[in-house]
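Colleague: As they're listed, the protein sequences go chains A and B.
Counted from 1, the first sequence has number 205 at position 205 by my numbering; the numbering is strictly sequential.
Counted from 1, the second sequence has number 404 at position 137 by my numbering; the numbering is strictly sequential.
Quick caveat, the hints were computed from the structure, so don't treat them as lab data.
Hints are not guaranteed to be accurate.
[As the list claims (entries may be wrong)] Output of the computed footprint for chain A on chain B, the stretches with three or more beta carbons under 8 Å from beta carbons of chain A:
1. 351-364
2. 376-384
3. 402-408
[What the hints assert, rightly or not] Here are the computed distance ranges between Cβ atoms for each label pair:
4. B/R557 x A/V23: 57 to 63 Å
5. A/P235 x B/Q383: 53 to 59 Å
6. A/V68 x B/E433: 56 to 62 Å
7. A/Y102 x B/R557: 39 to 45 Å
8. A/V52 x B/D370: 57 to 63 Å
9. A/P12 x B/D320: 39 to 45 Å
10. A/V23 x B/D366: 31 to 37 Å
11. A/G190 x B/D366: 40 to 46 Å
12. B/F313 x A/V52: 54 to 60 Å
13. B/D495 x A/G190: 54 to 60 Å
14. B/D370 x A/R205: 54 to 60 Å
15. A/V247 x B/R511: 50 to 56 Å
16. B/G314 x A/L37: 43 to 49 Å
Beta carbons are placed, not taken as given, at the ideal position from N, Cα and C, and that holds for glycine.
Read off the chains here:
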Amino acid sequence: MVTTMLAARVSPGRVGAVLGRNVAALRTGPSYWLVLLSGFFEPVLYLLSIGVGVGALVGGLELPGGGVVDYAVFVAPAMLAVSAMSGALSETTFNFFFKMKYSKTFEAVLATPVRPLEIALGELSWALVRSSLYTGAFLVVMVALGLTSPVGALAAFPAALLVGVAFGGVGMAISTLMRGWQDFDLLTTGQFALFLFSGTFSPVRDYPAVMEAVVAVTPLFHAVELVRGLAVGQPGWGLLGHAAYLVVMAVAGLVFAARRIQRTLCV
Amino acid sequence: MRAEGARAGSGPGGVKPFAELSQASVTVAGVSEQPLIYARGLVKRFGDFTAVDGIDLDVAAGEAFGFLGPNGAGKSSTMRMISCVSMPTSGELRILGMDPVRDGSRIRGRLGVCPQLDNLDPDLSVRENLTTYARYFGLSRAEARRRTEELLDFAQLREKASGAVEPLSGGMKRRLTIARALVNDPDLVLLDEPTTGLDPQARHLLWERLFRLKQRGTTLVLTTHYMDEAEQLCDRLVVMDGGRIVAQGSPRSLIETYSTPEVVELRFPDEADYAGKLEGIGRVDPLPDRILLYAEDGDAAVAEVHRRGLAPSSVLVRRSSLEDVFLQLTGRTLVD
Chain A
1 MVTTMLAARV
11 SPGRVGAVLG
21 RNVAALRTGP
31 SYWLVLLSGF
41 FEPVLYLLSI
51 GVGVGALVGG
61 LELPGGGVVD
71 YAVFVAPAML
81 AVSAMSGALS
91 ETTFNFFFKM
101 KYSKTFEAVL
111 ATPVRPLEIA
121 LGELSWALVR
131 SSLYTGAFLV
141 VMVALGLTSP
151 VGALAAFPAA
161 LLVGVAFGGV
171 GMAISTLMRG
181 WQDFDLLTTG
191 QFALFLFSGT
201 FSPVRDYPAV
211 MEAVVAVTPL
221 FHAVELVRGL
231 AVGQPGWGLL
241 GHAAYLVVMA
251 VAGLVFAARR
261 IQRTLCV
Chain B
268 MRAEGARAGS
278 GPGGVKPFAE
288 LSQASVTVAG
298 VSEQPLIYAR
308 GLVKRFGDFT
318 AVDGIDLDVA
328 AGEAFGFLGP
338 NGAGKSSTMR
348 MISCVSMPTS
358 GELRILGMDP
368 VRDGSRIRGR
378 LGVCPQLDNL
388 DPDLSVRENL
398 TTYARYFGLS
408 RAEARRRTEE
418 LLDFAQLREK
428 ASGAVEPLSG
438 GMKRRLTIAR
448 ALVNDPDLVL
458 LDEPTTGLDP
468 QARHLLWERL
478 FRLKQRGTTL
488 VLTTHYMDEA
498 EQLCDRLVVM
508 DGGRIVAQGS
518 PRSLIETYST
528 PEVVELRFPD
538 EADYAGKLEG
548 IGRVDPLPDR
558 ILLYAEDGDA
568 AVAEVHRRGL
578 APSSVLVRRS
588 SLEDVFLQLT
598 GRTLVD
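Chain B on its own, in the form it takes in the complex (with noise of 0.2 Å):
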């Protein structure tokens, strides 16, 4: 719940203006005693399907906060129960302290949500598309009008804001939904695969806008199959694979306990036995198309691969990632 004091110097309609989002927020952060996501044995299933097969969470205010796994892994279905809209089948889940079950018009005024798949209105100039949504919140038309210039800017978007939706491209469009989102200045923001299906540059835009967010002190959560996206944006995070969580603990911590600080990637030019040779370097993963190698020190690692008189094609050490703990804890790379 948000703290009265932050309240206090909330604008008409309880809606702080952008500016002003960074100290309120942060005070929120520091007094906040209850979580603002709460679910045990969280449960959806669709029929005979098992989507999220129960689940316990915590997510604190301030909090950047991600899901991390591959399609299917119950991501979304997670975030459209967090956001409001799909109601649990079983277990029990609190949002900004309220029951989604009951409440849930009124904890959905206080989400922002960027789904999976843009939705924007075809219908309205961007500019409309976040007057329009504003008004669902209930923000006077002067306020809706007020937040949807500050928000222009933000998603740099100002020299489009006359235009349709349609003609925009791909990170314009994320962009703009994003911006959406955060019309009624929400408590907490869902994030649905944010840069999926974007190019690198847009991409790198996205998350110096959501890096910015984060750092006003705005509660994110968000889904990803993104390991770099994870690691630059989250605090925490949980990893998730058929309908479960799998691990949990910050990047580094993640990678602290489930891999190495580093790791050989060996590829050969054939299709010979290469893993037992390499037995007692490290701990070996075979993959389809290369052999990896857990290592202490990686040069090191690689220097006894070639002491043993082996000779491979390429050789690439590097620091070990969300990628590596994923595949250790679920046997299979992330991207599929």
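Just chain A, same shape as in the assembly (with noise of 0.2 Å):
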């Protein structure tokens, strides 16, 4: 049903015009650089001081598949997958939300032949951009640290994009139903959580059973897995339910925000 949705209403071009209005906004606002800089350094920071630094204290770490590693090799994927989500989801809410509530942007672009869903996508291929622009540095980091290898990143790359556009689309969702900016306290402080427990900085098996399984419905906690499984260079079968998880978790983001914005915007 999706598919035909999307085969027989987007128009390439009219989702190229919403991507294109991002990038014309990027150069008139120089204060949109400095945002985008400092959503690339949490990362890397959190990487040097707790991958490295106490990384330090804790040696070796066994991985699921086998083998011992360094300590910043188990957490240097888990900030990548941070890194894709927070690049996504500061565009998609902030935003995202600021162009369809203030500034009315999204009003005005409903006025001419774009369509909810246009707008949504065009939105999230925008929230990729930046994600990539995040991961993709990111992952030179990584090599350079020797943190993972090339074909390591070349392979956690995708996966990196793939959660880019998985929390998009959640993040455009939720966006769609925040009442003001107050809600976006609960997001930060759920961000965080995420970021905490999602077997980012220990694997998730030496959880508490109760907790393990909550983590395991939880988004970051796939994409996390995903990625690592790519850049520590243990690929099986099990990445692709956690890559599956991801796809819906997009494809049920971007769908519910187009409905929203119609619900919203053409009353």
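Make one complex out of these two single chains by using the hints.
Modeller: In structure tokens form, the structure reads like this:
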């Protein structure tokens, strides 16, 4: 159903126009570059402080697929997934919400042939651009520090893109439900909880059983597992399950966001 | 629908250069049979509230058509349905011969919409607001740029082109919004209260621009609660109140039907019942602050007022306006 909907209604040109608007906004607003830059440094700082710093105290860590790696090698792919997540989320939450609710940008766009789903796709593409800038740069850092092989980096990059799309879709969906800026505190808290407890800093199998079960349904866990499996060079069929989770997340978020744009702005 | 002949002269992407607009559109107006807007029993409800309560409309190509009415009359809801953003609750609606539910995107591609509140993009420059918007309509980059340069002149915003939108005055923002609505060379331009909130000078400049569009043969549909605006710009208008159309016709014919050629406005220094004493001179309409006297001949009516020994503190004889029509139809003044 979704594919027919996509095929019948989506014009690549119009999705491109929505994406192009964001590129144009980038040229005009210099402050945006600072925001962009800070988003890249955050996971790098965590990698250095915890992965490398705390890692010196921890020593080696056994991977589920066998083999012992440095703690930093274990943490780095998780930080990669986190940077993909935060890149996509910052674009699809704060910026998306502002365009939808305050600057009435989407309202103006909806007076043209562009449809709600095309807005959502255009915004998601832009979020993906931002997310991939972060993850691309982060992978360069990882290879430079010897935390993954170039082959591992090439394999992890598309996975990181998928993580960006998944969180971008859900970010838009959440934004359409936001009542005001105060709701973003909740989002930030949720995002931080995911950051801490998604098998990022310690293997999930070391968590209490209940918590392990809870974590297994949260999104960043699947993102981390997928990216880590590829970055450390231990691909397996299990990764497909994680990838499928992220695909469902992306599509559901996208369709929900498009519906909400329609319901809220086309009344 | 636009006639084939007019399309033949189109540039790439079906968009004509602005300068050629006049000729082509006049041809369209001449040969068009189908109304650009056709509505029967159009209803829009929001929950229990009925904003538009069963209206019929026919707007032909080349017309300048107005919705006149106070706030809450249902004008904007009607405009949003015509602009294919909001779907009718019930009734029949055809825009450019197409069904908004099925062909919304295609129809919107041929409309130009100037909303009541400016929704220009604050993250883009004046020029980028136009080029970006053109891209939503599928114009090529080159076309978008060419069209933008033409419209910057039309909107008299050339000096501001590279600057941000935020520092522009209200009048400039409005002109930019209207220019943006013209970026796709629309068959039908919808303007929701185009001059509300502007100072008189800005209003007159805007009227002059809109009049120019009208002369070029562009079909204009606008809402307003200013009578002078409706009289200046509209060939035909409907008066809306409480979601219904209470009268329609040309401004002149509405005035002739619902009012007298002249109106005398009388103010008295005290609160005594003067309305009774004016009986017989013409139709009397007592308002809280003044009394209106509808007369064939204003000066003769004033003479009669004085002959009856009444001493109003101020007397104004004026031509009848749409305000009087509205007052007659709804029993209250229009500006609220």
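Colleague: Are there hints from earlier that the structure breaks, and if so, what are their numbers?
Modeller: Checked against the structure, no hint fails, so every one of them is satisfied.
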